[in-house]
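A.B. asks: To convert, take the position in the sequence shown, counting from 1, and add 96; that gives the numbering used here.
Keep in mind that the hints are not guaranteed to be accurate.
Claimed, not checked - Using C-beta positions, here's what the derived DEER-type ranges look like:
no.: 1; residue 1: S343; residue 2: K213; range: 42 to 52 Å
no.: 2; residue 1: L451; residue 2: T514; range: 27 to 37 Å
no.: 3; residue 1: G544; residue 2: D412; range: 47 to 57 Å
no.: 4; residue 1: Q385; residue 2: L419; range: 20 to 30 Å
no.: 5; residue 1: R155; residue 2: N196; range: 18 to 28 Å
no.: 6; residue 1: N175; residue 2: K550; range: 17 to 27 Å
no.: 7; residue 1: P508; residue 2: E254; range: 37 to 47 Å
Stated by the list, open to error - Taking lysine to aspartate or glutamate and the EDC-like style, the derived pairs with C-alpha atoms no more than 20 Å apart in a straight line are:
no.: 8; residue 1: K475; residue 2: D541
no.: 9; residue 1: K422; residue 2: E506
no.: 10; residue 1: K422; residue 2: D461
no.: 11; residue 1: K188; residue 2: E254
no.: 12; residue 1: K118; residue 2: E387
no.: 13; residue 1: K552; residue 2: D486
no.: 14; residue 1: K550; residue 2: E106
no.: 15; residue 1: K163; residue 2: E254
No lab work stands behind these hints, which were simulated from the structure alone. Backbone N, C-alpha and C fix where the C-beta goes; we use that ideal spot for every residue, glycine too.
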Amino acid sequence: ELNYSLFHTELGILRSAHIGNKTDFDLALARGEPFYQDPFSYAINSPRQDLTHQLLKSRLQYHPSAKGTLELVYSIQNNQRLEYDVRRGDAKNVAANNLNLSTQTLDLTARWNHSPKWNAEYGISGLLQINSNIPGTGIRPLLPNYNRYQGGAFMVQEYHTSRWIWEAGIRYDREYTLVQKFNFSNQLIRPEFSFNNLAASAGATYSFNRHWQLSNLLAYAYRPPHVNELMSEGLHHGAATIEVGDSSLVPERSLNWSTTLSANYPNAWKMELTAYLNPFQNYIYLNPQQEPRITIRGTFPVQQYTQDHVLLAGADLQGSIFLTTKLEYSLSGTYVRGINRSDDDDLVLMPPPQLNHSIHYYFRDFTLLKNSFISVSQKLVARQVHSPRDADLAPPPDAYSLLGLSMGTELPASDNRTFTFSLGVQNLLNTPYRDYLNRFRYYADQTGVNLQLKIKYEF
């Protein structure tokens, strides 16, 4: 099996987030509307991003016996990211950041049925990742050049009885990263980072009957800091924020517990409720700083990678019910609470509580049209009240409600060939709102009515 995908997009960056001096920056935070306002246009001007992602993936399977399968997967991905700042003269069309990230992975997995009740999976994997800054930008890059090597092995065992499913797994990874960068004295330095990672999990699922299940999972995880967390030092154009890494960061360690209760009555209703509790040691996160930084490119907020002992707890709910054979109501909600145990305070930049619900109507099939539907949805987002005091440049925004509309259908072209059409409208009522996790909320509201048309051809 061989797959290739190409994705390209050009994204505009809010011009009001690029502000020249400290006085204008403070005014922009206080005024509640964009500092720069231009007439509407479809043209995408600087500041902007130009992104291209290419992926080539191959898969080979071998069945040595009826009990087992060997699978070899190789993939190579290339990501090109160009970020353009507001520049003048000859530099107007020169990217301020020009990054090329190449990633190759190789995974060998063996799946084996030791008995009708006992299944196992064994695997090894390797990764080679190379990040290169293309010269000629005239600006220190946000991320340095680096080569990252990773190799790992894992094992998963699963045992079934009439009502129970028991599962346990363990994984070991070895990671090495070589960084090349110029320091502020213009000297070439080559920091090296090496980590050994061990993770393990154990879980069980009990079936009360053919409709109800209860699952529990306990996992130990060990995550080393990534290069961007260790070595970032500059303006992240896509977020209009200066990000600062910390080369002294140590790996995260966490003990994760979750329990899930699920019910499924086909063609009637289904539900899934999950609760989790995750204590972290040395949790790595971006911490907003109180004062912006003034540079020759403007005045920008600063976020510093740091780590603390943290507790994350929350719950997720999703479910749906058929009110009639053609009418379905769906509901989902999330709640997460982060506590910084090092400071005995709330953890910054945690998502606020959110509730989504929708009504779907499914039309009967016609000669040419299949699986047609129309849906109306509402998204409710609360104000984040568990935010550290004075930990950000602006307080959390107010709660908001958004309406959406979507419809779609399928048009069979011939055997195994189908056109799929879908039309969606987000923020149907053009409601002004700001997203707590979006860094552009300092300067402007989120986008208004958003219309999307998708056409997919399967062959």
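A.B. asks: Please go over all the hints and tell whether each is borne out by the structure.
C.D. replies: Hint by hint, here is what the structure shows:
1. S343 to K213: 42 to 52 Å: holds (49 Å)
2. L451 to T514: 27 to 37 Å: Between L451 and T514, where Cβ atoms are some 34 Å apart, the hint holds.
3. G544 to D412: 47 to 57 Å: violated (29 Å)
4. Q385 to L419: 20 to 30 Å: violated (51 Å)
5. R155 to N196: 18 to 28 Å: Holds, since R155 and N196 (Cβ atoms, about 26 Å apart) stay within the stated range.
6. N175 to K550: 17 to 27 Å: holds (23 Å)
7. P508 to E254: 37 to 47 Å: Given a distance of about 39 Å, which is inside 37 to 47 Å, the answer is holds.
8. K475 to D541: holds (17 Å)
9. K422 to E506: Holds: K422 and E506 sit about 17 Å apart, inside 20 Å.
10. K422 to D461: Distance ~12 Å between K422 and D461 Cα, so the pair holds.
11. K188 to E254: violated (59 Å)
12. K118 to E387: Within the cut-off at roughly 10 Å; holds.
13. K552 to D486: Judged against 20 Å, a Cα distance of about 47 Å means the pair is violated.
14. K550 to E106: holds (18 Å)
15. K163 to E254: Roughly 15 Å separates the two Cα atoms, so the pair holds.
Consistency note: the structure conflicts with the earlier hints numbered 3, 4, 11 and 13.
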